[in-house]
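K.L.:
So the protein lines, in turn, are chains A and B. The first sequence begins at 1 in the working numbering and counts up one residue at a time. The second sequence begins at 1 in the working numbering and counts up one residue at a time.
One or more hints might be untrue.
[Claimed, not checked] One side only, chain A facing chain B, incomplete, derived with CB under 8 angstroms:
#	residue
1	Ile-41
2	Gly-50
3	Ile-56
4	Leu-58
5	Ile-112
6	Ser-115
7	Lys-129
8	Asn-131
9	Ile-168
10	Tyr-176
11	Val-178
12	Ile-228
13	Ile-234
Don't read these hints as lab results, they were simulated from the structure. We put the beta carbon where it would ideally sit given N, CA and C, even for glycine.
Residues per chain, in single letters:
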Amino acid sequence: MAILLELFNAFFSTFLATIKDVFPIAVILFGFQLLVIRRAIPNLHKVVIGFVYVLIGLALFLLGLEKALFPLGRTMAEQLTAVEFIMGSSDADLSLAGWVDYYWIYCFAFAIGFSTTIAEPSLLAVAIKANEVSGGAIGIWGLRIAVAIGVAVGISLGCYRIVAGDPIHYYIIGGYIVVVIQTFIAPKLIIPLAYDSGGVTTSTVTVPLVAALGLGLSETVPGRNPLIDGFGLIAFASLFPIMSVMAYAQLAEARKKIAGKPTEMAIDQPQQK
Amino acid sequence: MKSTLLALATPLFNSLKDLLPIIAVVLFFQILVLQQPMPNLIEVLIGMGLVVLGLTCFVYGLELGLFPIGESMAHAFARKGSVVWLLIFAFALGFGTTIAEPALIAVSSEAASIAAEGGAIDNNQESKASYANGLRLTVALSVGIAIVIGVLRILRGWPIHYLIISGYILVVIMTAFAPKEIIGIAYDSGGVTTSTITVPLVTALGVGLASSIKGRNPMIDGFGLIAFASLTPMIFVMAYGMLI
């Protein structure tokens, strides 16, 4: 009973905080609708009910993350980056460890990047829209898995960078060069969506977990400053999905070429709504 | 009532499917790699249940309310034909949603402590707070400008990659001049600005706009607003780091 009461209290305060976050958005939307467009909102009651669902959903979601996933993720990140775990005993000298000794961290980074991206609500929203606009050519799951792989690779590479201590901008600039090259050879229709998928992946679920991993790692590795080296994982997580989504489209196109069908179908020709 | 429940059943099942990978990863690492007992098992299970329920309500409300209003506003602006109001709306949406973003508040206070430690600003509460606020304003401003540029691009039909590539070049140039401590934060700030409510709304706006203007393809022209919103903060934050 006590746990329920506590839960209800926590839900209430999260719900209020969510309302506070959403309030400016609602003011902008309704303000412009009433003062500039000056037209009644079509299906007003549906929109309002939808907003209420979004608010409740977001509050429940955040509360669940706060209660379950974040503490767990943080504990795991701490345990995985602890000296005893990496070296096998607590009095071993960590400065003797090569980057290979951190292999479980890369695995964890990959797995956590992939799984949190699959659960990301804003990616789901974009995938639904992309599926609708492309007339089904871009599958909701195809896009989500492509983005998730990108985030997973990005975060593992970002962890390697923290361990190795390389400056971040070499990696990011290298990534930019790959993105630019891909832009010129990937199917034209995927490009804006691919660019977008970089930004949408990193919000509610991924950021706190990934930040905990980066901070934990940079505290453990000798010679790293958590304030400087702890950052940057998010940047990796928002760059690599751009590449993986374009690669996904290129792969789909290549498969059609091999199958001998004209390449213009599916991805190159979305149905106009 | 029954139809609402039925309408919720499928997304409920879907959100459960979405969470399975996280559960699998956590179990795998807890049991096989770390080999440590799960702390607070009951709380974790309740939390998982809440996440599933929350995700379900969110997606349901998204399709019922947020998507339709985003698109109907885009159509209304397109019919009205007033570019100025559309751009003001775009700026307000970008600025207003970013300034309230919790992730940004966290990142900017983190950045303030780095700047204080690096000696760029005085190491006291007051100057840190003003630094953090300045940073938040900078990012919100840059997202507002980004959405304006993105909407202009949809109206004019400019190809997106020239704009993005020039953005990249700017980032690279700024990186060479910005103080070393700010670079990690600046790169990260691109990713954290776009929140869970902003993304669906901005996507609906872009797609709605592109599908109501003749000669625009919603797939090519409708997407890309988020891309700008995650690129300009990097440039602006580095500029902020150079100025202060």
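K.L.:
Each of the hints needs a verdict: does it hold here or not?
P.N.:
Structure-based check of all given hints:
| no. | hint | result |
| --- | --- | --- |
| 1 | Ile-41 | holds, 7 angstroms |
| 2 | Gly-50 | holds, 2 angstroms |
| 3 | Ile-56 | holds, 5 angstroms |
| 4 | Leu-58 | holds, 6 angstroms |
| 5 | Ile-112 | holds, 6 angstroms |
| 6 | Ser-115 | holds, 4 angstroms |
| 7 | Lys-129 | holds, 5 angstroms |
| 8 | Asn-131 | violated, 11 angstroms |
| 9 | Ile-168 | holds, 6 angstroms |
| 10 | Tyr-176 | holds, 5 angstroms |
| 11 | Val-178 | violated, 11 angstroms |
| 12 | Ile-228 | holds, 6 angstroms |
| 13 | Ile-234 | holds, 4 angstroms |
Hints 8 and 11 from the earlier list are contradicted by this structure; the remaining hints agree with it.
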